[in-house]
Each structure stands twice: as C-alpha cells, then as structure tokens.
Amino acid sequence: MSAAALTHPGVQLAAEGASEHRPLIIALFGVFVVATLFITVWAGRQTKSASDFYAGGRQFTAFQNGLAVSGDYMSAASFLGIAGAIALFGYDGFLYSIGFLVAWLVALLLVAEPLRNSGRYTMGDVLAYRMRQRPVRTAAGTSTIVVSIFYLLAQMAGAGVLVSLLLGITSDGGKIAIVALVGLLMIVYVTIGGMKGTTWVQMVKAVLLIAGTLLITFLILLKFNFNISDLLGTAASNSGKGTAFLEPGLKYGATGTSKLDFISLGIALVLGTAGLPHILIRFYTVPTAKAARKSVNWAIGIIGAFYLMTIVLGFGAAALLKPDDIIASNKAGNTAAPLAALEIGGGAGSTGGAILLAVISAVAFATILAVVAGLTLASSSSFAHDIYANVIRRGKATEKEEVRAARWATVAIGVVSIALGALARDMNVAGLVALAFAVAASANLPTILYSLFWKRFTTQGALWSIYGGLASSVLLVLFSPVVSSKPSSMFPGVDFAWFPLENPGLISIPLGFLLGWAGSLISKEEPDKGKYAELEVKSLTGTGAH
Amino acid sequence: MATDAPPPPASTGPVQPTTEAFVAVQESAEFGALRRSHRAFAFPLTVAFVLWYLLYVLMSSYAGDFMGTKVVGNINVALVFGLLQFVTTFLIAWLYSRHASTQLDPKAAAIKSRMEADV
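As given, the protein sequences belong to chains A and B, one line each in that order.
Using this note's numbering, the letters of the first sequence map in sequence onto residues 1 to 546.
Using this note's numbering, the letters of the second sequence map in sequence onto residues 547 to 665.
Among the hints, a few may not be true.
[Said to hold, decoys possible] A few chain A positions that, by computed beta-carbon distances, are all more than 10 Å from chain B: (1) Phe94; (2) Ser485; (3) Gly544.
[As the list claims (entries may be wrong)] Capping the alpha-carbon separation at 25 Å, the derived lysine to any residue pairs in SDA-like fashion look like this: (4) Lys531/A with Leu601/B; (5) Lys455/A with Gly610/B; (6) Lys241/A with Thr565/B; (7) Lys259/A with Leu597/B; (8) Lys531/A with Val626/B; (9) Lys290/A with Ala663/B; (10) Lys259/A with Lys616/B; (11) Lys290/A with Gly610/B; (12) Lys529/A with Ser574/B; (13) Lys455/A with Thr615/B; (14) Lys322/A with Gly619/B; (15) Lys223/A with Pro560/B; (16) Lys259/A with Leu601/B; (17) Lys529/A with Gly559/B; (18) Lys531/A with Ala594/B; (19) Lys400/A with Lys175/A; (20) Lys455/A with Phe587/B; (21) Lys223/A with Arg45/A; (22) Lys290/A with Glu662/B; (23) Lys653/B with Leu601/B; (24) Lys251/A with Gly559/B; (25) Lys400/A with Arg45/A; (26) Lys223/A with Ser583/B; (27) Lys294/A with Ala655/B; (28) Lys241/A with Gln572/B; (29) Lys486/A with Ser258/A; (30) Lys294/A with Leu629/B; (31) Lys294/A with Ser583/B; (32) Lys175/A with Lys396/A; (33) Lys294/A with Gly619/B; (34) Lys616/B with Thr243/A; (35) Lys396/A with Pro560/B; (36) Lys486/A with Leu423/A; (37) Lys251/A with Thr615/B; (38) Lys531/A with Ala663/B; (39) Lys616/B with Lys290/A; (40) Lys455/A with Leu601/B.
No lab work stands behind these hints, which were simulated from the structure alone.
Virtual Cβ for every residue (Gly too), placed ideally from N, Cα, C.
The shape of chain A in the complex, shown without the other chains (with noise of 0.2 Å):
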C-alpha cells in the first residue's frame, strides 16, 4: 500500500477503528486460535489409523460433513472478495455467487457419490482405478497440489489484506509475519489434528461465517427497512454509477474481449466445484455415498442462504460507503464487509462500529484458516498417497510411514504458500480462486467424468487430458492481464500478456476435454475392461466401498 493511500479517508477509517479496539480484535483472534488448537489437540489423541487421518474415520454424519463441506467451500473468496466484488461493480460480482452454487449440481448428480464409493483417500484413488497406477497417480498428485497452491495463494492474499486493514499493520515485513503465521497455524493443524481435527475446525468456522453474516445481513436491511428495492436504489446512486450499477456489464461489459471473459469466468464456476481435490476429499469422511449425498444436500442449502447474504453484503457496501473509500483501503475491495461492518455498527471510533468490525475480521481470519487446513490436506494426502506410497514406493509402504510423509508434506506445502502468499495481496481473492476453479475444471473434471461413464477411456486419454488441461490453463493465466501489463497484475511493471483472457477457462476445459477423449481413441492399448467393470459396479453400487 502507498504512502498517499495511507492518508486516505477510507483507510484512516478502519485504522482508528482498529487501533482503538487492537485488544478487541485481538482477543477474538487469540480466542479462535485456541479454541482450535484445542480442538486439534483433541482430535490428533483420536487419529490413529490412516483412515482417521485421510478420512476422519469415516464416521461424520451428512449434517456434520454438510457443515464442513460449507466450511470448507466459502472461503475468503466468497465473503470478502464476493463482497467487494460487488461493492465495487454492483451486478458483475453476483455472477459469482450464482456460479459458486449452482456448480454444486455437477458434484451432486454425477460426482459426490461415485467417487465415494470407488475411493478411499484421494481423487487419485478414482483417476488411477481403471489406469496404468504410476503414471496417473503421479498426474492426479500434481494437478491436485497446483489447485490447492492456487487457491492457497488466494486465501493467503485474503489474510494479508485483512489484518493489514484490521491492526493497522501496513508494512510488508508485518503482513508477511501475518501470513507466516497462518502458515504455522495451518501446519500445526493438519499435522496433529489430520481430516478429523480440519473437519472440526471447518464446521466451527461454518457457524461462526454464517452467525456473523447473518449479523451485518440483519443490520443492513434493518436500517433500510428491509425494503430490498430502497437498498439496490441507495446503492447504485451512492456508487456514482447510477442504475448500470444494478445491471450486467459494469466490469465485463465494455468490450468483446471483457464479455468472453465474463463468459469464460462463468464457465469456470460452473465446472471447477466438481473437481477441486480439497472439497472431493471431503466425501470420505462420511460412512455411505447416501450420506455423501445428503451432506452435499446441507451444503447447497447452507452455502445458497450464504450467497444470498452477501449480495446484501455486497451492495450493503455500497449503499453505505464511498467507492473511494472502499478502492482506497484495498484496490480488488477486498475490505468492503468489514468495512461495511465497521459503518452498520456506528461509523469509525463507535463502540459498536470497533465491535461488529472485530467480530466479521475474527469470522474472516478463522474462515481462511479452515479453509487453507482443507486445502493443505488435500495436497498433502495427495502426496503422500499418490505419489509417495504408490509412485515411489509402489504402493509398499505401510500406513504408518503413508501418514509421516503426509505430516511431512504438509509442512512443506505450508511453506511453499507462505513463499507465494506474499505476491498476490492487491488482488481480488474471488478472481484468484475462479483461476483454481479454471484450472480443476480443464485438469480433473473430464478424467473424473471419463473414468467413471466411459468405458472406452484409456491411460493415454487421462494423462492428456490431465497433463493438457492442467498445462494449457496455467500458462493462459502465466501470459494472461492476470500476471503482467495491467496496473493490478502480479508485475504491472512488464507486459508479456499475449492471451487477453483473465481466465483461461473457455479455452483451456474444452481443450482438456478434448484431449481425454483423441488420447483415448488414438491410444494403442484397450481399455482394462475388468477394472472398469469394478469400478463402475463399485461406483454405482457401493459394493466393497471403504
């Protein structure tokens, strides 16, 4: 952040608020730390199998998983970057919201429940089933830990805006201290507390995000007397933009080139849910595909009434503050809820202003840390189970020394995210998740897909299809406006942007698509119909599901 943003009204705003109430905001912090911790602690005593440390033990119930699988799912991207999303472009930023939740059909009809029945730990288990292991597992452990880094990347960049904003902490050294510790904190919970101890951790967190949403959503329409039409109305005239502020176009409209971008966003929504590895996972820790099933029922249900909270949050933002202010305390709007908070509760240096904006901020730092637990586990039981016991150890390695280099791997992750944490803090973490949806959507969906409902999908067709989507979407993003040539790249100060795309997903799904289904024609060797056989009685069936 400059120096000339510092005397900003919008920023100087939230300092005195912050620094006034520091103790506050830190008390409610240091209150979720430990409350986790403890949590961690307590489920670590009770993680002795593998089984307990990749799947929970496989004994929540729909409810309890439903609840993590929202946990895990509304990430910092949902609520501070949905929000300031919209804050920012009024319309734009609810596509969104729509994209988030209606992918959850893919999971539900065609993923949730064959995939629970067929694997055990990873979705490597149901890539590698009907193929060659060693190659596909080692294709599946890659492409799941470059989902989870992009998305870790985002989560990161969320916690730095956020306790930058809410400690007045705005050197570099202090927001990376920041992001190193949650790194810590991370590490601390996946290794000692594994699946069970992150499932905790992410259903706390569910609770807290949808009590302190449901908060600011009460407080903000009870102040425009729950007149929905007087909200949009205030917040499109507050916004300076009029009524476009209300209508589709406003940050994807103005040229050809941003409407296929808007449609490529909306594509890579819809597709990526059904194949982010950290949400897959998930399904393990509950004992049938029917419970499966269910708890993606309470998901949808509880991450559909959260979405809908945050467009009031959203335009609650706008009706409520200056745009000048909301850009000048974070350039993506990734402030906007709390600050919004922060103005419902009494303006800046108000009690109840300092009190509502502590409280969002501690619902935000613990919704990144559940978030990035579910992801670091998902990249570190995909190494340790993918490429670890079956690529390097030819599935001879014992649970034990499975589950030491899954704790091992964790760290190792941890601190490769806090290396990268650090350069994408001025971006909006909604944009920067929709890149881990593009990438999970061109990489994992169409072998998930492949492998289960078609019986001629070969080895060759999985790693093209894996290898090709996953290549095709990070080097679209690598030459896209998204790395460099704009003033909100990671490097404004250098252009080799040749792809004008900020989100390679139009291109990079069909292509990923594509190439699962030519490798699989054009591939010399026949499908393993016994295996496919297994795996499709197995998927459909339950028969001999772990």
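Chain B: place on chain A using the hints.
Then chain B, alone, in the frame of chain A:
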C-alpha cells in the same frame, strides 16, 4: 492389460468380490437397469441446468438492455434471473435426491448385498 503397481490390498478393508464377479454384474440386466435409471435422470438434467446457467451468463453479456428492465422498484430482470438460478438449484437438488432414494438406492442395495454375500 497389466498394471505396473496394483493398489495394495486393504489390510482391514471391506470384502472385495472378484473381477469376474464385477464383470458378470456389470453385464446383468439388473445392473443395466440401475445404470439406465441413473444416467437417464442425471445426464439430461445436467445438460439442462448447464444450458440454463449458460443462458443466464450469455444474457448478462449480450442482452444488457433486457436484463436491465425494471420489474418492481429497483429490482430488475437481471436480479430476478439470478435469483431464479438459486431456485432451480435447490429444486434440482431436491428432485435428484428424491429420485436417488426412491429409484436408485433400493436397486443398488440389492446388488451390493448379494455381491458381498457371495464373496
């Protein structure tokens, strides 16, 4: 076809029927009915909700004027269209779950219990 590293047998895992048993079941009429019942419901519905969602995305991009039409007060077609996506999502989740528990679960359970008893 040989796999170069078969998955390790689960030490305390569930009973596993043989590959031949799975092939036989896969080719049976009973399993065919279960597969058909799942696919005939889930596939068209998936196509439908993806198209319905894409229609929303495309209209937002290319039919801005229509989407901006006011319905009541400041609530316009775009907002209503977006909220309808929420409604259809809830509706489809409910429809599928009803289909699964009445049509799919009994068929699946029958096959599973017979296969596991035969091991």
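Hints and how they fare:
no.	hint	in the structure
1	Phe94	violated (6 Å)
2	Ser485	holds (23 Å)
3	Gly544	violated (5 Å)
4	Lys531/A with Leu601/B	violated (39 Å)
5	Lys455/A with Gly610/B	violated (43 Å)
6	Lys241/A with Thr565/B	violated (65 Å)
7	Lys259/A with Leu597/B	holds (18 Å)
8	Lys531/A with Val626/B	violated (47 Å)
9	Lys290/A with Ala663/B	holds (21 Å)
10	Lys259/A with Lys616/B	holds (22 Å)
11	Lys290/A with Gly610/B	violated (42 Å)
12	Lys529/A with Ser574/B	holds (15 Å)
13	Lys455/A with Thr615/B	violated (48 Å)
14	Lys322/A with Gly619/B	holds (23 Å)
15	Lys223/A with Pro560/B	violated (57 Å)
16	Lys259/A with Leu601/B	holds (14 Å)
17	Lys529/A with Gly559/B	holds (24 Å)
18	Lys531/A with Ala594/B	violated (31 Å)
19	Lys400/A with Lys175/A	violated (37 Å)
20	Lys455/A with Phe587/B	holds (19 Å)
21	Lys223/A with Arg45/A	violated (48 Å)
22	Lys290/A with Glu662/B	holds (18 Å)
23	Lys653/B with Leu601/B	violated (36 Å)
24	Lys251/A with Gly559/B	violated (52 Å)
25	Lys400/A with Arg45/A	holds (15 Å)
26	Lys223/A with Ser583/B	violated (51 Å)
27	Lys294/A with Ala655/B	holds (17 Å)
28	Lys241/A with Gln572/B	violated (60 Å)
29	Lys486/A with Ser258/A	holds (14 Å)
30	Lys294/A with Leu629/B	holds (23 Å)
31	Lys294/A with Ser583/B	holds (19 Å)
32	Lys175/A with Lys396/A	violated (43 Å)
33	Lys294/A with Gly619/B	violated (38 Å)
34	Lys616/B with Thr243/A	holds (10 Å)
35	Lys396/A with Pro560/B	holds (19 Å)
36	Lys486/A with Leu423/A	holds (15 Å)
37	Lys251/A with Thr615/B	holds (19 Å)
38	Lys531/A with Ala663/B	holds (21 Å)
39	Lys616/B with Lys290/A	violated (43 Å)
40	Lys455/A with Leu601/B	violated (31 Å)
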